[in-house]
Amino acid sequence: MTKSIVLTKSLTKHYKKFTLGPIDFQIEEGTAVAIVGANGSGKSSFFRLLMNLLQPDEGSITLFDQSMNESEAEIKRKIGYSGGMLEPLGYLTVKEISSFFAYWYPTWDQEYYVNLINRYEIDTGMKFGKCSTGIKKRVEFIFSLSHHPTLLLLDEPSSGVDIVSQKKMKEDLIDFMEKGERSIVMATHSIDEVNSICDWITVFEKGQIIQSFNKDEIFEKWARVWVTDMTETIKQHPNFLELDVEPLQIVTNNWSEMEKELEKEGIAISHFQKMTLEEGLEYIISSESRNSIKKN
Amino acid sequence: MKLPIRVSEESREPIYHQIEAQVTSLIVGGQLPPGTPLPSIRVLSNDLKCSVITTRRAYQNLESKGFIKTVQGKGTFVKEMETEKMEETKQKVVMDAFERAVTQAEQVGLTAKGIRAIFDNVMNRREKGEEEGD
Numbered sequence: 001m002t003k004s005i006v007l008t009k010s011l012t013k014h015y016k017k018f019t020l021g022p023i024d025f026q027i028e029e030g031t032a033v034a035i036v037g038a039n040g041s042g043k044s045s046f047f048r049l050l051m052n053l054l055q056p057d058e059g060s061i062t063l064f065d066q067s068m069n070e071s072e073a074e075i076k077r078k079i080g081y082s083g084g085m086l087e088p089l090g091y092l093t094v095k096e097i098s099s100f101f102a103y104w105y106p107t108w109d110q111e112y113y114v115n116l117i118n119r120y121e122i123d124t125g126m127k128f129g130k131c132s133t134g135i136k137k138r139v140e141f142i143f144s145l146s147h148h149p150t151l152l153l154l155d156e157p158s159s160g161v162d163i164v165s166q167k168k169m170k171e172d173l174i175d176f177m178e179k180g181e182r183s184i185v186m187a188t189h190s191i192d193e194v195n196s197i198c199d200w201i202t203v204f205e206k207g208q209i210i211q212s213f214n215k216d217e218i219f220e221k222w223a224r225v226w227v228t229d230m231t232e233t234i235k236q237h238p239n240f241l242e243l244d245v246e247p248l249q250i251v252t253n254n255w256s257e258m259e260k261e262l263e264k265e266g267i268a269i270s271h272f273q274k275m276t277l278e279e280g281l282e283y284i285i286s287s288e289s290r291n292s293i294k295k296n
Numbered sequence: 297m298k299l300p301i302r303v304s305e306e307s308r309e310p311i312y313h314q315i316e317a318q319v320t321s322l323i324v325g326g327q328l329p330p331g332t333p334l335p336s337i338r339v340l341s342n343d344l345k346c347s348v349i350t351t352r353r354a355y356q357n358l359e360s361k362g363f364i365k366t367v368q369g370k371g372t373f374v375k376e377m378e379t380e381k382m383e384e385t386k387q388k389v390v391m392d393a394f395e396r397a398v399t400q401a402e403q404v405g406l407t408a409k410g411i412r413a414i415f416d417n418v419m420n421r422r423e424k425g426e427e428e429g430d
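Chains as they are written, first to last, in this note's numbering: chain A, 1 to 296; chain B, 297 to 430.
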């Protein structure tokens with residue numbers, strides 16, 4: 001049986017010039033979800049709401065089938081979070097912060113923590129506030145994993161991190177998912193991370209979730225199709241997305257439906273190529289902003 | 297434990313089906329003998345850049361067809377298979393490949409006669425190649 005690890009209903013937070021939500025979001029045990037979207041689309045606020053660092057104006061959040069209001073401590077012990085939570089502790093050294101964490105989390109694994117510290121080459125005598133952006137990210141990542149959480153909430157964990165450490169993070173996340181029924185919600189701008197780690201993709205745009213889908217859907221259903229001719233009927237078809245000329249080609253989000261339609265119109269397909277995730281995502285994100293420009 | 301399989305961008309078949317077909321070929325072809333451990337669903341997903349939903353489906357199908365078995369806590373392994381079933385599967389794998397080729401030939405408008413001519417052509421070239429010790 002799959003059960004929901006994170007479930008939000010009509011989650012809403014109002015700011016002066018921005019409203020996040022209403023957000024209905026769900027993640028099943030054992031899966032990894034990528035949250036993608038432009039800067040300022042509300043991803044970080046969403047994470048802060050999930051961690052109860054921000055209080056929602058409307059709606060509800062359930063984690064592990066429990067409400068945050070009733071069992072906050074119990075819930076938080078099962079979560080690993082990386083998203084600027086250590087900033088207020090900047091005057092402490094990494095070592096001092098680790099003693100706090102070891103005290104707070106019953107499941108803290110000192111040996112694993114030390115392994116990670118060595119693996120990511122962290123000088124634990126450094127004051128956290130004095131570390132560079134990349135080092136801070138690495139330290140946060142280590143702290144999110146060292147108590148063996150069942151859910152990771154990661155807000156752009158690898159941004160500003162060097163390539164070698166990014167690769168290590170990827171390996172550690174895959175390793176994390178290997179150990180049983182664990183889940184990840186991760187905001188990221190890295191297609192590579194989405195490709196290797198995530199199963200589902202949720203797209204944020206101006207405080208709203210505009211799409212949520214299984215990652216393979218793009219590869220399975222989207223295609224670029226080179227055609228011999230074009231008609232108005234094809235252009236009006238719900239699965240038609242875009243037309244390019246020279247040579248004549250269309251982008252479709254359901255090639256098998258489009259193929260039938262083309263056949264009806266007597267149009268032949270000269271070449272066919274499935275879309276990569278990168279192309280598909282680019283298309284989704286940019287077409288949403290194109291549409292909203294039109295609306296405005 | 298990296299499997300020599302890949303997901304094709306040109307193929308119209310669903311990814312889970314591609315994985316299933318390629319693993320089956322490796323098993324009946326003897327490249328993956330009985331008892332060989334297979335990568336976990338998560339690791340295979342990472343290698344192929346697809347979601348666990350897809351790889352899980354491929355593994356479930358392979359398991360229900362009796363090619364692999366999952367041992368709780370130990371992983372997934374290639375299953376022992378009877379010779380008869382092995383032969384049957386070999387036939388089927390090749391038959392499926394021909395079916396796909398014929399479908400493609402029909403799509404580009406070839407007649408049965410044209411398809412046979414191509415088949416003969418390919419076979420002739422192969423036989424010649426073998427004689428020359430290619």
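Simulated from the structure, these hints should not be mistaken for lab results. Be a bit skeptical, because a hint or two may be false.
Straight-line Cα separation of at most 30 Å, DSSO-like style, residue types lysine-lysine; simulated pairs [unchecked claim]:
{"hint": "1", "chain 1": "A", "residue 1": "Lys3", "chain 2": "B", "residue 2": "Lys388"}
{"hint": "2", "chain 1": "A", "residue 1": "Lys3", "chain 2": "A", "residue 2": "Lys179"}
{"hint": "3", "chain 1": "B", "residue 1": "Lys370", "chain 2": "A", "residue 2": "Lys167"}
{"hint": "4", "chain 1": "A", "residue 1": "Lys127", "chain 2": "A", "residue 2": "Lys95"}
{"hint": "5", "chain 1": "A", "residue 1": "Lys167", "chain 2": "B", "residue 2": "Lys345"}
{"hint": "6", "chain 1": "A", "residue 1": "Lys78", "chain 2": "A", "residue 2": "Lys179"}
{"hint": "7", "chain 1": "A", "residue 1": "Lys168", "chain 2": "B", "residue 2": "Lys361"}
{"hint": "8", "chain 1": "A", "residue 1": "Lys206", "chain 2": "B", "residue 2": "Lys345"}
{"hint": "9", "chain 1": "B", "residue 1": "Lys361", "chain 2": "A", "residue 2": "Lys170"}
{"hint": "10", "chain 1": "B", "residue 1": "Lys345", "chain 2": "B", "residue 2": "Lys361"}
Going through the hints against the structure:
1. Lys3/A to Lys388/B: Status violated; Cα separation ~38 Å.
2. Lys3/A to Lys179/A: 17 Å, holds
3. Lys370/B to Lys167/A: 26 Å, holds
4. Lys127/A to Lys95/A: 9 Å, holds
5. Lys167/A to Lys345/B: Distance ~15 Å between Lys167/A and Lys345/B Cα, so the pair holds.
6. Lys78/A to Lys179/A: 14 Å, holds
7. Lys168/A to Lys361/B: Answer violated: Lys168/A to Lys361/B is near 37 Å, above 30 Å.
8. Lys206/A to Lys345/B: This hinted pair holds, its Cα atoms lying about 28 Å apart.
9. Lys361/B to Lys170/A: Judged against 30 Å, a Cα distance of about 33 Å means the pair is violated.
10. Lys345/B to Lys361/B: 25 Å, holds
Checked against the numbered hints above, the structure breaks hints 1, 7, 9 and satisfies the rest.
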